[in-house]
Structures are given as structure tokens and as C-alpha cells.
Amino acid sequence: MKVLLLAAGKSERMQPIPDKNFLMFLGKPLIVHQIESLIKAGFDDFIVIGGSHNLDKLKELEFKNINYQIIEQKNLDEGMAGAIIACEEVVGNDLVCIVSSNDIVDEKAYELIVNTVNDENVDSVIVGKKVKKYFPGGYLKIDSEGFITSVIEKPGEGNEPSNLVNIVIHCHKNPKKLIEELKKISSNKDDRYEVALDSLIKGGLKIKAVEFDGYWQPIKFPWHVFDVMKYFFKNMESTISKDAQIADTAVIKGNVIIKEGVRIFDHATINGPCYIGKNVVVANNSLVRDSMINEGCVIGYSTEIARSSIGKNVWTHANYIGDSIISDNCSFGSGTVTGNLRLDEKNISVNIKGEKISSETNKFGLITGENIRCGINTSFMPGVKIGSNCVIGAGLVIPYDIEENKFVKGNVKLEIRENKAKLEKDARNKMRGKI
Amino acid sequence: MKVLLLAAGKSERMQPIPDKNFLMFLGKPLIVHQIESLIKAGFDDFIVIGGSHNLDKLKELEFKNINYQIIEQKNLDEGMAGAIIACEEVVGNDLVCIVSSNDIVDEKAYELIVNTVNDENVDSVIVGKKVKKYFPGGYLKIDSEGFITSVIEKPGEGNEPSNLVNIVIHCHKNPKKLIEELKKISSNKDDRYEVALDSLIKGGLKIKAVEFDGYWQPIKFPWHVFDVMKYFFKNMESTISKDAQIADTAVIKGNVIIKEGVRIFDHATINGPCYIGKNVVVANNSLVRDSMINEGCVIGYSTEIARSSIGKNVWTHANYIGDSIISDNCSFGSGTVTGNLRLDEKNISVNIKGEKISSETNKFGLITGENIRCGINTSFMPGVKIGSNCVIGAGLVIPYDIEENKFVKGNVKLEIRENKAKLEKDARNKMRGKI
Amino acid sequence: MKVLLLAAGKSERMQPIPDKNFLMFLGKPLIVHQIESLIKAGFDDFIVIGGSHNLDKLKELEFKNINYQIIEQKNLDEGMAGAIIACEEVVGNDLVCIVSSNDIVDEKAYELIVNTVNDENVDSVIVGKKVKKYFPGGYLKIDSEGFITSVIEKPGEGNEPSNLVNIVIHCHKNPKKLIEELKKISSNKDDRYEVALDSLIKGGLKIKAVEFDGYWQPIKFPWHVFDVMKYFFKNMESTISKDAQIADTAVIKGNVIIKEGVRIFDHATINGPCYIGKNVVVANNSLVRDSMINEGCVIGYSTEIARSSIGKNVWTHANYIGDSIISDNCSFGSGTVTGNLRLDEKNISVNIKGEKISSETNKFGLITGENIRCGINTSFMPGVKIGSNCVIGAGLVIPYDIEENKFVKGNVKLEIRENKAKLEKDARNKMRGKI
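Chains as they are written, first to last, in my numbering: chain U, 35 to 469; chain B, 35 to 469; chain E, 35 to 469.
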């Protein structure tokens with residue numbers, strides 16, 4: 035039983051965060067978590083479909099005791115259908131399980147599908163997530179025996195054919211037939227895979243829906259990173275490396291992973307749940323809470339990191355970074371702050387592909403790409419995105435998104451006059467009452 | 035023996051601080067402190083004269099075992115005389131003690147007047163505060179037997195008729211007669227009460243002056259709040275609620291009241307004298323000293339509050355708030371600072387009703403009304419006043435007062451160019467000496 | 035044996051740092067360290083040549099059991115030659131040792147010269163510092179017996195006549211003859227002393243070079259202060275005054291001198307090597323590391339001082355001061371930061387007498403003169419110099435040097451509009467989940 039793991043998506047809605055497959059959770063890329071979950075559910079043969087943007091990184095991953103094969107999807111515009119067709123020569127006649135790398139689910143979803151697919155009367159199986167309120171996705175229409183009669187995209191609230199939303203965990207006993215059907219449909223079509231399913235159902239394919247009631251969170255928009263972070267925190271086992279150096283006056287509270295080589299200095303606090311990666315320094319008087327700090331970071335003196343995901347080798351210094359997603363190799367000068375609450379306290383919107391989309395929360399900070407350098411005493415407004423390789427000057431207010439590779443400075447001219455104030459040399463001592 | 039407590043003043047010189055009767059000291063409104071002091075001195079029958087702006091709040095107050103009645107003064111322009119006349123129908127023929135709610139005195143002043151008024155030869159009693167240096171108020175001119183011959187307003191330094199300043203703690207055995215006299219004088223007159231007294235003295239009224247040598251502080255200008263705060267601190271008994279949660283690494287020093295539900299986090303310090311109200315959070319690494327923090331406040335990470343009076347439900351975050359008066363329901367973004375020292379270190383002046391008035395101190399910060407939202411990294415200049423319901427943007431320097439209901443932002447345009455600096459991904463590791 | 039200590043230099047390349055002779059190291063002016071080193075090596079008769087700018091301060095110094103005489107050099111443009119000629123009437127016929135006050139050397143250099151000068155065959159001795167790589171100074175050309183045949187200024191890399199650089203520790207048995215020779219040469223010449231030596235050598239003067247392999251560091255540019263600070267730290271003996279008050283929660287680590295009257299407050303950290311002078315306050319949650327803090331300073335709440343030299347009576351408050359040299363009597367408002375790293379992370383250049391000169395390091399902060407007042411939330415760019423008696427406003431970015439006696443402010447006009455946002459009084463409690 036093969037897994038086709040769909041990992042070719044360009045993560046455009048996540049920009050400037052690079053490829054979401056490589057977002058780190060608890061020190062591992064998301065895609066590794068996905069594969070490990072599938073392995074636990076019994077899968078041991080993986081075809082991962084990537085694009086030119088992430089093929090190299092996918093190839094670098096290593097797993098033991100499984101088959102792990104990378105296939106390139108050339109034309110990423112062809113979406114899920116294109117990804118499956120790209121596997122034509124490697125799928126063979128065995129059962130395949132198509133899984134999206136962006137949907138984080140409880141492992142039980144994979145176990146459910148394994149159990150159901152064994153039924154002789156079933157040709158395919160689709161996992162349906164039981165929802166309590168309307169979700170803007172595809173709904174499964176099912177007959178009395180639990181077989182799917184159609185998949186209805188975004189039916190609108192009140193028109194749902196069931197309470198089951200289509201999650202991309204689909205098993206097909208005859209993948210060749212699916213691929214043949216896909217190839218019949220024009221490659222311009224966005225819903226090519228759904229159209230093919232429909233046509234196969236009409237042709238007699240028996241697709242069983244399995245009801246799934248566990249955790250499910252797609253990573254579609256940047257703020258979903260926080261949801262998934264919380265999920266990983268919930269299941270995290272607290273471990274502090276013996277090799278970590280923790281000052282006597284530092285305080286560690288709650289559920290934490292602290293890796294080898296970590297140094298935590300005097301009067302710093304880690305308020306779990308937190309993940310502190312290899313060789314991270316948390317300097318004096320800093321506070322890290324509800325956050326992931328990836329390896330090599332230096333959290334400088336008097337910095338607060340709250341509810342944030344911090345990439346590798348990020349340097350901070352007397353900053354507040356709250357509800358933010360910072361990619362690898364960024365640095366922030368002393369006194370720079372991420373605003374994370376609008377002054378009118380309304381929900382914070384983010385520009386996603388030219389459209390303002392609400393994050394549905396009133397606490398949201400900064401999103402950055404990789405390799406950013408930010409000066410001292412700068413202020414980022416809530417929900418702002420900074421592209422990779424930007425340089426942001428000192429003392430600025432950044433109220434909107436900055437595209438990658440930009441250099442940003444202010445234009446305040448100083449007024450310089452003769453100083454007419456009499457500055458007394460002894461003023462300081464006078465104030466201390468020593469004169 | 036009735037108290038006429040004059041509480042109708044509009045506190046114009048205190049703006050944007052709302053009604054000074056409801057300024058909180060040690061968790062109680064000032065007017066409650068006043069009434070409790072009078073109760074201790076033996077009074078149990080109170081007529082409180084309010085205005086339309088504070089009638090409701092006055093009515094909400096509750097006291098046990100006393101008569102507590104609210105009278106509205108319709109025309110506040112008629113001042114003290116108007117207030118007394120407003121009580122015409124409720125005073126009766128009993129002795130009344132007229133007390134200003136704005137003069138904070140040691141309880142002994144009330145006891146003194148109670149003792150003196152018992153003398154049969156006396157019709158009225160006025161408390162005279164013994165002063166050592168000139169004070170710009172009314173001075174008592176007295177004869178050899180200690181009876182007042184006139185009250186001389188602001189005589190000028192060197193021309194004082196005595197060393198006794200008129201404090202509004204006045205007992206009259208025949209209030210009806212006083213009211214009749216007041217009604218004879220034109221209501222346009224500012225000094226109507228004083229003119230009436232003068233006329234009564236000429237008509238044979240025997241007003242005894244009692245010399246008072248204890249604490250007296252009128253709250254006339256905002257900075258008087260600090261004087262009164264110090265007075266309450268001096269007499270405060272240290273108590274820490276058993277219900278308060280204080281982290282092991284937090285430090286509590288000096289004389290403090292810490293109320294129930296308070297949480298003090300790691301590496302925070304409370305340096306008394308301090309009052310920390312119900313449910314206040316003092317977060318990690320913060321410092322509160324010589325300050326009152328009213329209930330519901332969140333003093334966020336790495337904030338210093340020094341010598342300040344902080345209203346209810348105020349939220350701070352990595353701020354410095356020094357020598358400031360912050361009213362209820364305000365919030366300050368991370369990195370925002372109240373300047374509290376001029377760069378030339380001269381005394382700080384404040385705009386009071388269109389006039390610059392010196393606070394007579396070189397340490398004075400911010401004065402705010404209620405319900406203000408301030409962004410991150412903003413700088414308030416010393417002695418600035420911000421009206422209620424203002425929104426103050428991020429990264430600003432606020433050099434002058436802002437009227438209520440304003441939205442303030444800066445106008446710095448960013449210069450955005452292509453970034454030509456080569457940013458090395460490995461720069462951070464190089465700096466750590468790891469490459 | 036007399037020392038002629040050359041201390042008249044105007045320290046122009048060090049500006050705005052005042053006279054480098056009085057730069058403090060471990061609580062003593064540099065020139066006192068120099069004289070004490072010479073005393074240890076056996077010298078007990080000092081002629082210190084000063085200029086009008088520092089004569090008074092030189093005269094104030096006191097030493098026990100030595101002759102200590104101050105001579106004024108009137109025309110400072112005449113450099114080293116002028117300084118020596120100024121001593122004509124006081125040198126007598128005894129051996130003199132000419133020493134520059136700006137060259138910090140291991141005491142062994144002085145011992146070496148004392149030992150060598152006893153040789154009967156030698157007229158003069160010059161210390162030559164053995165160098166491993168090219169240094170832009172004067173090189174000693176020597177013959178097979180170790181006698182100097184000439185001094186070659188800046189020969190260029192690869193053309194060095196030896197590996198010995200001329201340090202101004204020069205002994206002459208016949209100072210009168212040297213002075214006669216100097217007076218023959220035009221006073222306009224920059225290299226008058228070197229020309230005189232050359233001429234004396236040609237006339238048969240036997241100058242022995244002594245090879246010196248120990249520590250040598252001239253203070254020529256401001257960043258040399260850091261090098262010399264490190265040298266003093268290396269040789270420093272850790273001592274904490276019994277009279278210092280150190281809070282129980284404060285942390286002292288590494289090699290430190292903490293003088294009498296010092297107070298270190300809760301949750302502060304001193305990470306040695308550090309020198310903390312008399313009566314210094316290090317307030318709550320501050321961090322001082324690898325720095326010298328001279329007497330009378332107040333390091334306010336939540337300040338970090340890193341790798342810096344801080345003059346007397348400097349007040350900080352929630353600042354970051356890194357890799358900086360701050361002269362006496364300066365103050366910095368809360369939130370003000372010294373940038374100490376370029377955003378492109380290149381080496382930092384400093385304007386020295388109109389020329390950009392690289393500090394050869396990518397970590398360099400602020401250099402100030404004396405008696406500066408800086409407002410809150412201001413940002414200094416790396417390598418900037420601020421002249422004495424300047425006032426720097428709040429919320430500014432200071433990207434270039436400011437001459438002395440200037441008043442600097444920004445020119446951001448505020449935009450003030452009616453506030454249309456509905457600010458809910460209960461918002462804070464809602465956020466805390468209390469409503």
C-alpha cells in the first residue's frame with residue numbers, strides 16, 4: 035500500500051514564509067511529522083510529489099526501513115490531478131493512499147482508512163471530518179450505506195449535504211483507473227480531480243466515507259501555524275537535555291523541550307509549553323512563553339517571545355515578538371517591537387494574494403521571510419509581512435507589507451541648533467542629593 | 035451635627051483626570067476616605083452636595099450606621115455659596131460642619147473643631163492651618179481672644195495678618211442664618227461665601243479660629259495627587275493577601291498592600307510603599323515602586339512603574355511610566371515611555387485651563403484621561419496631558435497636550451529601495467564563531 | 035634618572051572624548067597608571083609635559099615619595115620635539131627617559147630599558163616592539179651589534195628593515211645634546227625629533243635597540259580604549275567592597291571590582307570582567323558585562339551595558355549601551371539605544387578629523403563627549419560621535435556625528451483627527467476573560 039504524499043504546492047497564501055512542508059514543529063519539518071504519522075499507522079512505501087522549488091530539500095530527508103521516493107510535478111498549475119498523473123509510472127496496480135501534506139490530522143485518521151479499505155465491497159475510501167459548524171470546503175454527500183454519491187464544493191451554510199468535510203486522505207484500490215479518468219479531463223480545470231471522482235462514481239466506483247472525529251487542521255493561511263503549534267504542544271513530552279546549561283536564577287515552568295547545547299542565562303524565564311532547539315541562547319531577563327525557538331537562535335537580553343514560531347539562527351535583543359512567525363536567519367535590533375493588537379482591538383487582517391483576509395483573531399503580530407535584518411527601535415504594525423532578504427532601518431513604523439529584497443528607511447530630517455540650555459555638570463549628583 | 039460635604043466641583047484644573055472625588059487611594063475613592071475620617075471624628079449625618087456629573091456615582095456609595103444624603107447643586111458656577119444654599123431645605127436648625135471634599139487633612143482637624151464648637155460663647159468655628167511660609171489662599175485675621183475679625187484673600191507675602199490659612203472645615207451653629215445672608219448677596223460674586231461671613235461677623239457672629247498644625251493638602255492641581263498618595267502611604271499598614279500568588283523569585287520589599295487575586299510573576303519586584311489592587315498582574319521582570327496600581331491592571335513584562343498612580347484595568351507592556359497619573363481603562367504598547375525629566379532639567383510646567391503652571395518639580399510624567407489606547411514605541415514628553423478616549427499611534431513623540439476623542443498618528447513616509455547589501459545566511463553563525 | 039612624560043597631545047583623533055590621559059581605567063586616569071608603572075620599574079623623578087588644556091588637571095594629581103613636576107608646552111603644534119625643548123631648563127645633565135603617555139605597555143618594557151641603559155658603550159636606548167605583521171609606524175633599522183642606524187617611518191608592508199617598531203620609550207644619557215640638536219631643526223618640521231636622532235646617529239651617537247615582546251597598545255583612535263580596557267581587565271584582581279550593598283537576587287559572575295558604596299538591586303547581573311566604581315547604582319534587572327562603570331553612575335532599571343567604558347555620573351534608564359565610550363555626566367532617557375552593528379554587518383567606520391577610518395570591527399557603538407542629555411526612545415547609529423554639551427531629543431534616529439553644544443530635534447508633525455474608533459471601557463476585562 036503506497037502513499038502518494040502531495041507536497042508540490044507553492045504555499046503562495048503563506049508567503050513570505052517559505053515552503054510550509056519545511057515549517058519546523060518541535061525541531062522537525064512538518065512533512066517529516068506527516069510521514070512519521072503515516073509510518074505509525076502502518077504505511078511503509080512513500081511517493082512524495084514535489085515541485086522544482088522543494089525537490090532538493092525533499093531529497094535530503096532520510097527515513098529508515100521504508101521506501102521513500104521523490105517525483106517531480108512539472109506543471110504546478112495542474113494541482114492535485116497533475117500530482118497524481120505525475121506518478122503514473124510508479125504507482126503500479128497496488129492500492130494507493132493520497133494524502134495532502136498540508137492537512138495535519140490525528141494519526142487515528144490514517145488508521146481508520148487502513149481498517150476500512152480492507153472491506154471487499156469498497157473500491158475507494160475518503161476520510162470525512164465531522165464538523166459542527168460550516169466550513170468553506172468540500173462536503174461529502176453519502177447514501178444510506180455510507181457510500182459517497184458526490185462531493186459538493188462550498189455548498190453554503192445551511193445547504194450542507196452532511197456534516198462530513200472532505201479531507202485529502204483518499205485510498206484507491208485501482209489507481210490506474212483513476213489516472214486514466216484524470217487524463218480524460220481538460221488540464222485547465224481547477225476541479226479536475228473532483229470531476230474525475232464524480233465520473234468514476236457514476237461509472238460504479240464504490241467510495242466509502244469514513245467518519246473522523248479527531249484533530250484536523252489544514253495549513254492554508256499563516257495563522258494556522260499557531261493552531262498546529264498548539265496541537266504539537268498538547269502532545270509534547272517534557273524533556274530537558276542534561277547538556278543544557280540553565281542558570282540557577284533562571285526559571286523553567288510548564289511543559290518544555292530544551293535541547294542539547296541550550297544556554298539559559300540569569301533571571302530568564304521559560305513558561306511552557308515551549309520548544310527550545312539546539313544551541314539556543316536565552317539571555318538574561320528574557321521571557322519565552324508558548325513559543326517554538328528553533329536551533330541556533332540567540333534570544334538576547336530582555337526579550338519577550340510570546341506565542342510565536344521563531345526559525346533557526348534568529349537573533350533578538352530587547353524585543354517584544356508576540357503572535358509572530360519569523361523565518362530563519364533574521365535579526366532584530368534592540369528595542370524593536372512587533373505590534374500584535376490593533377488600537378481599536380478589532381480582528382487583524384492580512385494581505386493574502388492581494389486580498390485582505392481576516393485572521394479571525396485580534397492578536398496577531400509579524401510574519402517574515404528569511405534573512406531579514408531589522409534595526410533598533412522599529413515598530414511593526416499587526417499583521418504586517420516582510421519578504422525575505424529585506425533590510426529595515428532603525429526607528430521606523432512599518433504599517434504595511436514590504437516585498438522581498440527591499441531596503442527601507444525613514445526620512446526624518448534632524449533640526450540642529452545651538453544648544454542654549456545650560457547643562458550643569460553636577461546635575462546628576464544634585465539629583466542624587468549628594469551636593 | 036450634620037456635615038455638608040462639598041463635592042460638586044468640576045475639577046477643571048485636574049482635567050483630563052475625571053472627578054477628583056473618585057480618585058482612588060489605597061483602593062478607595064478619595065471621598066470615601068473623607069467620609070470615613072469624619073465618621074471617626076464622631077460625625078454620623080452627611081449631606082453630600084454633588085453636581086449632575088457625579089450624582090450617580092455619589093449615590094452608589096454605601097456607608098453603614100450613618101445618614102447619607104445626596105443633594106444636587108444645579109448651577110455649579112455658584113460655587114461654595116450655591117452648594118450651601120442648595121441644602122436650605124435639608125439643613126434644619128442643627129449645627130452644620132461644612133467640609134470641602136478636596137482638602138485632605140489629618141483626622142485631628144475634625145476632632146479639634148468638634149471640641150471647640152461645644153464652647154457656649156462660640157457661634158461658628160473655622161480651622162486655620164498654621165503655615166510656615168506664604169501660601170496663596172485666605173488668611174484668618176484674629177483678635178486677642180482668637181475670634182476671627184476677617185478673612186483676607188491672598189494678602190501677598192509679608193502682609194499676612196496671621197500664620198493661619200483658612201481651610202474649608204467650618205462649623206456653624208445657625209446654618210439658616212448663614213443661608214439667609216448668602217441669599218442676600220448677588221449670585222455673580224465669586225467670594226459670596228466670604229462676603230457673607232464678613233457681614234455676619236460685623237453683625238456680631240462670634241467665629242472662633244482653631245489652630246491646626248497637622249497634615250493638610252488640597253488637591254487643586256494634578257501633581258497634588260502625588261502629595262496625597264505619599265500621605266496615604268505614610269499611614270498605610272502593610273498587608274499581603276493570602277490569596278495573592280507571588281512567584282518564588284519575585285521580590286517584595288518595604289511597606290505594601292497586595293490585595294486578593296493579585297499575581298506577581300518571576301523576577302518581578304515590588305519596592306514599597308506600594309498599593310497593588312485586586313486581581314492585578316505584575317508580570318515577569320517588572321518593577322513597581324512608590325506607586326498605586328488599581329484593581330484589574332496588567333503590568334506586562336519588563337515594565338517599570340515609578341511614583342505613579344495607575345487607574346483600574348490599565349494594561350502596560352515593557353513601558354516606563356514614571357511620576358504619572360493614568361486613569362482607568364488605558365493601554366500602552368510595548369516600548370512606550372513617559373518622559374519625566376526635561377532635557378534641561380528645569381521644573382516641568384503643565385497647561386492648566388490655558389495657562390502654563392509650574393508643578394514645582396523637575397520630575398513629572400504623563401497625565402491621562404480614561405480609555406486611552408497607545409501604540410508601541412511612543413514617547414510622551416514630560417507634563418503632557420492626553421484626554422479621554424484618545425488613540426495614540428506607534429513610534430510618535432507627543433510633545434503637547436491632546437484633547438479628548440482624538441486619533442493621533444505620524445506622517446513619516448518610508449523610503450523603499452532595492453536592497454543592495456549582500457545578506458549572508460550564515461552571518462549569525464559566523465558571529466557566534468560556529469563557522 | 036628623570037622621566038619626561040609626554041602628555042601635551044590634544045587627542046584630536048579621540049574627539050569628542052576629552053584628553054585621553056584622563057581616560058579612566060579601573061578607577062584611575064590612564065596617566066596615573068603610566069606613572070605608577072614607571073615607579074614600579076624604579077623611576078622616581080618625573081617631568082610631565084602638558085598643554086594649557088590639561089595643566090590644571092595634571093597639577094591636581096598627587097604621588098608619594100617621588101618628584102613630580104609639570105612643565106607647559108606652549109606651542110602644541112611643535113609635537114614631541116617641542117615638548118622636549120620645553121624641558122630645557124629642568125632636565126640638567128642627568129639621563130632622561132622620554133615616555134609617551136599614550137602608549138600602554140607592560141611594565142617589563144620599562145625594566146628592560148633601565149637594564150640596558152647601564153651599559154657603558156651605550157648613549158641612548160630605544161624600545162623596539164617585536165611585531166608579527168605590518169604596523170603603520172616607525173621601524174628601527176639596526177646593525178649587527180643591535181645599534182640603531184636609522185628609524186624608517188611607515189616603510190610599507192614588505193619593506194620593513196626589521197621586525198621592531200619604535201615605541202616612544204627612549205633613554206638619553208645626554209639630554210642637553212639632544213635638545214641642542216632639536217633646536218637646530220626648523221620648528222615647522224613634523225619629524226623634527228626623528229631628524230635630530232638621525233643627525234646624532236650620524237655624529238656618532240650609539241643608540242641601542244632593546245627588543246620588547248610584551249603588551250603594547252597605543253591609544254590613537256577611540257576604539258583603542260576597548261583594547262586597553264581588555265588589558266587592564268586581564269590583570270585585574272577581583273575585589274568586592276564589604277561596603278557594597280548587593281541584593282540577594284542579584285548575580286555577580288566572573289572577575290569583578292566592585293567599590294565602596296555600590297548598590298546592586300534585585301535581579302541585576304554583573305558578568306565580569308567588570309569594574310564598578312564608587313557609589314554606582316545598578317538598578318533592578320540590569321545587566322553589566324565586560325564594562326567599566328565609573329563612580330557615581332546610575333545604571334537604571336532594565337539597562338544593558340556591554341563591552342563599554344562609561345564615565346563618571348552617567349545615568350541610564352532602560353537603555354542598551356554596547357561597544358560604546360560615554361564620557362562623564364551624560365544621561366540617556368528610557369528606551370534609547372546605541373546601535374552597534376551595521377545592518378549589512380560590515381566593519382564600522384568613524385569620522386576622524388574629516389576622514390572615514392575603519393574601526394576594523396563590526397561591533398562598535400556610540401562615542402560621546404561630556405555632559406550630554408539624551409531623550410527617550412532615541413536610536414544612535416553605529417560609530418556615531420556626539421560632542422560635549424549636546425541635547426538630543428526624543429524618538430530620533432541619529433545617523434551622523436553631532437558637533438558639541440548642539441540641540442537636536444526631529445520634525446515629525448502629528449496628524450490629529452477625530453477618533454472614530456469605538457473604544458470599549460470593558461475591553462481589557464474582556465481580553466482577560468473576566469466578562
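Source of the hints: derived by calculation from the structure; they are not laboratory data. There may be inaccurate statements among the hints.
Where chains are identical, the list cannot tell them apart; a pair therefore holds if satisfied intra-copy or between any two copies.
Computed list of lysine to any residue pairs in SDA-like fashion (alpha-carbon distance at most 25 Å, straight line) [as the list claims (entries may be wrong)]:
#1 Lys443 to Pro433
#2 Lys254 to Gly192
#3 Lys464 to Asn439
#4 Lys240 to Glu214
#5 Lys380 to Lys464
#6 Lys387 to Glu452
#7 Lys166 to Gly190
#8 Lys456 to Asp282
#9 Lys175 to Glu394
#10 Lys276 to Pro252
#11 Lys164 to Val442
#12 Lys440 to Lys464
#13 Lys188 to Thr395
Hint-by-hint comparison with the structure:
| no. | hint | in the structure |
| --- | --- | --- |
| 1 | Lys443 to Pro433 | both (13 Å within a copy, 11 Å between copies) |
| 2 | Lys254 to Gly192 | within (24 Å within a copy, 63 Å between copies) |
| 3 | Lys464 to Asn439 | between (51 Å within a copy, 22 Å between copies) |
| 4 | Lys240 to Glu214 | within (17 Å within a copy, 101 Å between copies) |
| 5 | Lys380 to Lys464 | between (48 Å within a copy, 13 Å between copies) |
| 6 | Lys387 to Glu452 | between (51 Å within a copy, 21 Å between copies) |
| 7 | Lys166 to Gly190 | within (14 Å within a copy, 79 Å between copies) |
| 8 | Lys456 to Asp282 | neither (47 Å within a copy, 41 Å between copies) |
| 9 | Lys175 to Glu394 | neither (29 Å within a copy, 71 Å between copies) |
| 10 | Lys276 to Pro252 | neither (36 Å within a copy, 46 Å between copies) |
| 11 | Lys164 to Val442 | neither (47 Å within a copy, 48 Å between copies) |
| 12 | Lys440 to Lys464 | between (49 Å within a copy, 23 Å between copies) |
| 13 | Lys188 to Thr395 | within (23 Å within a copy, 59 Å between copies) |
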